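Asker: What follows is the residue order along each chain.
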Amino acid sequence: MKLLAPERRIILKNIETPNLHQLSVYQAAGGYQTARKAVAMNPDAIIEEVKKSGIRGRGGAGFPTGSKWGFVPFKTGKPIYLLCNADESEPGCFKDRLLLERNPHQLIEGIIIASFAVRSLKSYIYIRGEYATAAKVVQKAIDEAYGQGFLGKNVMGSTHTIDVVLHRGAGAYICGEETGLISSLEGKKGYPRLKPPFPAVSGFLNCPTVVNNVETLSTVPWILANGGEAYATYGTEQSRGTRLFCVSGWVNRPGVYEEELGCTLRDMIDGHAGGMKEGAKLKAVIPGGSSTPPLTPEEVDKATLDFETMAKFGTFLGAGGIIVIPDHFPLLKLLERLTEFYWDESCGQCTPCREGTGWLYKMMKAIEHGKGTAQDVANLQKTANQMMGVTICALSDAAAMPVLGFLKKFPNEFKSAREHT
Amino acid sequence: MKTVTLTINGQAVTVNEGTTVFQAAQAAGVFVPHYCYHPDLSIAGVCRMCMVEIEKVPRPQISCNTVATEGMVVRTDTPKIKDTVKGVLELHLINHPLDCPICDKAGECKLQDFYQSYGLYTSRMEHEKVHKPKVQDIGTIVLDSERCILCTRCVRFTDEVTHSNELGIFNRGDRSELRTYDEGPLKNDYTGNLADICPVGALTAKDFRFQQRVWFLDKTKSVCTMCAHGCNTAVSINSSTKKLYRVEPRRNPEVNQSWICDTGRWGIHSLTENRVATPLKNAGGFLDATWNQAFSEMKRAITEAPEKTLVFLSTAMTNEEVVDVCQVMFALGVKNFSWLVDEAVVSETQPFDGILKHHDLSANARGTAEILKRLGLTNLGMKAGIDKVKTQPLSQVVAVGLDAAQGPLWVEVAAVIPTTTQSFVHATNHHPSFEAAKWVLPNTTSFEKTGTIVSALARVQKVNRILPAQGLARDSHALAWGISRGDDRSVPSKERAKTIFESSIQSWFCPGEKFSQFNEMGVAL
Amino acid sequence: MKYEFTPERMKEFQKVKAKYERPRSALLPALYLAQEQWKFLSDEAIQYVAGLLEMPAREVFEAVSFYTMFRKKDMGKYCLQVCNNITCTLMGSEALLDLLHKELDVGLSETTKDGMFSILSVQCLGSCGTAPVVQINENYYENMNCDRLKITLQQLRGTT
Chain A
16 MKLLAPERRI ILKNIETPNL HQLSVYQAAG GYQTARKAVA MNPDAIIEEV KKSGIRGRGG
76 AGFPTGSKWG FVPFKTGKPI YLLCNADESE PGCFKDRLLL ERNPHQLIEG IIIASFAVRS
136 LKSYIYIRGE YATAAKVVQK AIDEAYGQGF LGKNVMGSTH TIDVVLHRGA GAYICGEETG
196 LISSLEGKKG YPRLKPPFPA VSGFLNCPTV VNNVETLSTV PWILANGGEA YATYGTEQSR
256 GTRLFCVSGW VNRPGVYEEE LGCTLRDMID GHAGGMKEGA KLKAVIPGGS STPPLTPEEV
316 DKATLDFETM AKFGTFLGAG GIIVIPDHFP LLKLLERLTE FYWDESCGQC TPCREGTGWL
376 YKMMKAIEHG KGTAQDVANL QKTANQMMGV TICALSDAAA MPVLGFLKKF PNEFKSAREH
436 T
Chain B
3 MKTVTLTING QAVTVNEGTT VFQAAQAAGV FVPHYCYHPD LSIAGVCRMC MVEIEKVPRP
63 QISCNTVATE GMVVRTDTPK IKDTVKGVLE LHLINHPLDC PICDKAGECK LQDFYQSYGL
123 YTSRMEHEKV HKPKVQDIGT IVLDSERCIL CTRCVRFTDE VTHSNELGIF NRGDRSELRT
183 YDEGPLKNDY TGNLADICPV GALTAKDFRF QQRVWFLDKT KSVCTMCAHG CNTAVSINSS
243 TKKLYRVEPR RNPEVNQSWI CDTGRWGIHS LTENRVATPL KNAGGFLDAT WNQAFSEMKR
303 AITEAPEKTL VFLSTAMTNE EVVDVCQVMF ALGVKNFSWL VDEAVVSETQ PFDGILKHHD
363 LSANARGTAE ILKRLGLTNL GMKAGIDKVK TQPLSQVVAV GLDAAQGPLW VEVAAVIPTT
423 TQSFVHATNH HPSFEAAKWV LPNTTSFEKT GTIVSALARV QKVNRILPAQ GLARDSHALA
483 WGISRGDDRS VPSKERAKTI FESSIQSWFC PGEKFSQFNE MGVAL
Chain C
115 MKYEFTPERM KEFQKVKAKY ERPRSALLPA LYLAQEQWKF LSDEAIQYVA GLLEMPAREV
175 FEAVSFYTMF RKKDMGKYCL QVCNNITCTL MGSEALLDLL HKELDVGLSE TTKDGMFSIL
235 SVQCLGSCGT APVVQINENY YENMNCDRLK ITLQQLRGTT
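Protein chains in written order, with this note's numbering: chain A, 16 to 436; chain B, 3 to 527; chain C, 115 to 274.
In short, the hints are calculated from the structure, not lab data.
Given the structure is predicted, the values throughout are model-derived calculations rather than measurements.
Beta carbons: idealized from backbone N, C-alpha and C, even for Gly.
Heads up, some of the hints might be wrong.
Derived pair list, reagent style BS3-like, types lysine-lysine, alpha-carbon separation capped at 25 Å [as the list claims (entries may be wrong)]:
no.: 1; chain 1: C; residue 1: K264; chain 2: A; residue 2: K203
no.: 2; chain 1: C; residue 1: K191; chain 2: A; residue 2: K203
no.: 3; chain 1: C; residue 1: K216; chain 2: A; residue 2: K203
no.: 4; chain 1: A; residue 1: K203; chain 2: C; residue 2: K227
no.: 5; chain 1: B; residue 1: K136; chain 2: C; residue 2: K131
no.: 6; chain 1: C; residue 1: K125; chain 2: A; residue 2: K151
no.: 7; chain 1: A; residue 1: K348; chain 2: B; residue 2: K131
no.: 8; chain 1: A; residue 1: K386; chain 2: A; residue 2: K423
no.: 9; chain 1: A; residue 1: K168; chain 2: C; residue 2: K153
no.: 10; chain 1: A; residue 1: K52; chain 2: A; residue 2: K66
no.: 11; chain 1: C; residue 1: K186; chain 2: A; residue 2: K203
no.: 12; chain 1: B; residue 1: K136; chain 2: A; residue 2: K386
Derived Cβ-Cβ restraints for the label pairs, each shown as a range [as the list claims (entries may be wrong)]:
no.: 13; chain 1: B; residue 1: S125; chain 2: A; residue 2: K423; range: 18 to 28 Å
no.: 14; chain 1: B; residue 1: V75; chain 2: C; residue 2: G165; range: 50 to 60 Å
no.: 15; chain 1: B; residue 1: S125; chain 2: A; residue 2: K210; range: 48 to 58 Å
no.: 16; chain 1: C; residue 1: N257; chain 2: A; residue 2: D342; range: 45 to 55 Å
no.: 17; chain 1: C; residue 1: K186; chain 2: B; residue 2: K223; range: 18 to 28 Å
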């Protein structure tokens, strides 16, 4: 087993401090000082600092956060909303849950700073319905923050108002898509919306809206406290800073690890996660959550965890869900599970996704049960391609990409189906 | 308004700023396949069929939600777009039942049409299809969820047009199912439009279902006369039997968008059933008579006592008919004219349901009133006319051009008939209230005549003859001229209508319009 | 039965509603309250919520059918929700599901005759690091295995 190097902890710095979810404990560790500093700053300077940090959204799409904030039209006369996306539902990802349950004040502090930067007076934390425990913890933290005058009118003695409302989802993966989230928050089915208009211009209640992931907002206090440049010294050219990686599957120490972007995947699996369980042989790794195409063992050996390298291997960092698959497990069973997931979660709005996810699932079910045919394998490929880039949101692509990835990288797995006419 | 110029398939087209690429393509005459787009509903962007390639944009875009910009280079005819559209179409079809032979939409189904133009592949779907409820009775419409492609046109219609909100899409993914939320019947007065806008066979109108294959039908443009709104219509008859099968809305953004109400659509039955077939003379019971007898008696009666005669002018007559009737009667010495209209309703400030349906059931009240003024005749008004008959200064009544759409008004007129010395009723349909009339004469319906009317929106529009006159029915041109001559030498009504249009109506109401090629959209008064 | 929130729930509903710009944003919280009161969302309960939020009943019916956490029928006292997604499958959740079917003698989305348990197969619960996971009502039972699941069932049975 490889020697365990320490993680590069920024957001998780105090995560092991007992009772960190309590305001007093968070404050004792220096919490809320950055927010206090922020509300006395020029909001544009905060945006500038975040731009300098180079941080890209941690929800999966990886859009530069500073730019996103910079797009908001401040002078339309309409209220501006900041929505925190805590609808973490991508299979393989469980980092936001950790931040919500263990360090909610760090998130609230990030929300205060971000709200102030984008001139938002009201934010919502949209938390997935299943995270009942996290919801209780976060609500308590919000109440505590109000109690201390950190939220509400005259935030921290300033003239600013920042209200934060916790909103529970009710079981729908698609609400993690930012416009699906907005629809849901408006009391509708979580149907994603056509873009344009983009949320920055017309989002929640047709007002300018910024949607940021829990991890992104939780990083903001550190960036502002230490400076964007300090953050940018971590990571690689295109992938600045650190991020949380969720390692799950056949490893000795599954869990959430914070590491600099650009670290090697091997270090993550063999170092932090303690290597393969029971000395099993590696079959494949899904690097960024269920919708990201898998890596072969040879690729795993070469891969570093950053946006650019992942792109080179035809996959993505996604939301940091690293799923480690051992040699002894039938790979196609997992792909069948994935196709079932997207079939189950497709909102049904756009035809290619609604019909395509069902078809992919049916074909994978047949193949997995040994009833698949060469025609099914050919159809999987063709159908998945037909689903790419033709829908309102990315769920269709997310369903198609792993199918195409498995076909491309693990063609032998489909051998028996291929030989069956 | 500012304009932008873009090219579509190499052809330059200039459109107003804010126009979508889809609309620009339409303007350029380039057809873009689509299911969910509808010009009178919000943009849903869910069928994903209207994909186009735009220079400098990496992926195909849906044209219905893309605004045209200056210099944009759009193509709909590249192999990539054809392939994309074919792929999307295939996904529309994988779970669609193969029941075209028993589907009433066949022949006007967009799945069939686009499969012909963009599909033509062998089915790859070898797995069990998704099944959903079929043949569900939702009032006037039959819903087949399995055929539904979830384009949401109908849902948007009930949300945005009727605001009745009864249709929805339930569940998610490929379990998504269109139905009424309470599984009960539709609750609005515009349900027939749902069958029109459904691009597939999911929503079919009970009234039309299985009555006729659409390829046997001929469509003629006309205008609805069931109320004062003047919705533009297209009327379908069987090309060989000439039987009337269907009335559909004809799009006119100034009048009715793409809609008509159910009364206008299915009221055709009340217009065609229980028709007066021949002139009937009352001799203690109605007996069949000839027009010759009728005309000679009418001419004699009117000529003998023109000052005692009141002519009730149905406001279902065309402008040309009104002119003809008034001029003939005036020439015979008649000076008392009353329009037939619900006067209380005409004076309402909000005389309709906020969508299309007018409380005023007179298709041409506005034209009638205007013509009387132009001819220098006094309109006594309906109530006052009735009072004059009741109190006896007038003892002879001729009610001209009655049409079943105005049925409720007939009763009021008929109520005074017993107090008259003799009365002549010219009506499309039988009505018990006519039993005291001396003569009941068969009138043509609005489907059997040609002429112009003026709607409550002050729009001059043209009604077109779709069917030959039923039985011995005569329109009011023929009636007027028969009375004038006192015998049954027929006048070619269409010629009369054209002559009157050109001699008066045209210059009064719509200068520059030609009778034979009247503006299909009508013109503002 | 008259469909109306208890006074306490009504107070709670008013408090929640006041947090939003528009009443209908409180749709999910209102449905949670209704489900808490009536165990599941009957047509009448849905109509009641639509009335409270002044929104078309149809949209509430749609939402109830869209979100998986709302129930249209009564469920067992304990909803045993086994994650069927990728990491949990890899870590043995199928065996847990098999065990439940065998122990309780009911299929998926079914409820035991005594009304104690319903078995549900659910999507990723964000507990992949502690897979496999079974969510029982609102609580996560992580790093689950067959032996622990048997014991858990016994414990739950004992609490009646």
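Asker: Now tell me if each hint is right for this structure.
Answerer: Verification of the hints:
Restraint check: the Cα-Cα separation between C:K264 and A:K203 comes to about 40 Å, which exceeds 25 Å; the hinted pair is violated. With a C-alpha separation of about 29 Å, the suggested pair C:K191 and A:K203 falls outside the 25 Å cut-off, and the hint is violated. As the CA atoms of C:K216 and A:K203 are separated by approximately 39 Å, the hinted pair breaks the 25 Å bound. Between A:K203 and C:K227 the alpha-carbon distance is near 35 Å, which puts this suggested pair outside the 25 Å criterion.
The straight-line distance between the Cα atoms of B:K136 and C:K131 is roughly 40 Å, outside the 25 Å bound, and the hint therefore fails. Between C:K125 and A:K151 the CA atoms are separated by roughly 19 Å; this keeps the pair inside 25 Å, and the hint holds. For the given pair, A:K348 sits about 22 Å from B:K131 by alpha-carbon distance, which is consistent with the 25 Å threshold. Only pairs whose Cα atoms come within 25 Å are accepted, and A:K386 paired with A:K423 is accepted, the gap being roughly 21 Å.
Restraint check for A:K168 and C:K153: not satisfied, since their Cα atoms lie roughly 38 Å apart, outside the 25 Å limit. Taking the CA atoms of A:K52 and A:K66, the gap is about 18 Å. The hint holds against a cut of 25 Å. For the proposed pair C:K186 and A:K203, the alpha carbon gap of about 18 Å is at most 25 Å, so the pair holds. Proximity of B:K136 to A:K386 is assessed by CA-CA distance (about 30 Å); at most 25 Å being required, the pair is judged violated.
Evaluation of the 18 to 28 Å hint for B:S125 and A:K423 yields a pass: the beta carbon distance comes to about 26 Å. The supplied range of 50 to 60 Å is met by B:V75 and C:G165, whose beta-carbon atoms lie about 53 Å from each other. At about 33 Å, the beta-carbon gap between B:S125 and A:K210 misses the expected band of 48 to 58 Å. For the pair C:N257 and A:D342, the beta carbons lie near 23 Å from each other, so the given range of 45 to 55 Å is not met.
One distance hint, 18 to 28 Å for the beta-carbon pair C:K186 and B:K223, is violated here, with the actual separation near 48 Å.
Hint compliance for this structure: hints 1, 2, 3, 4, 5, 9, 12, 15, 16 and 17 are broken, all remaining hints hold.
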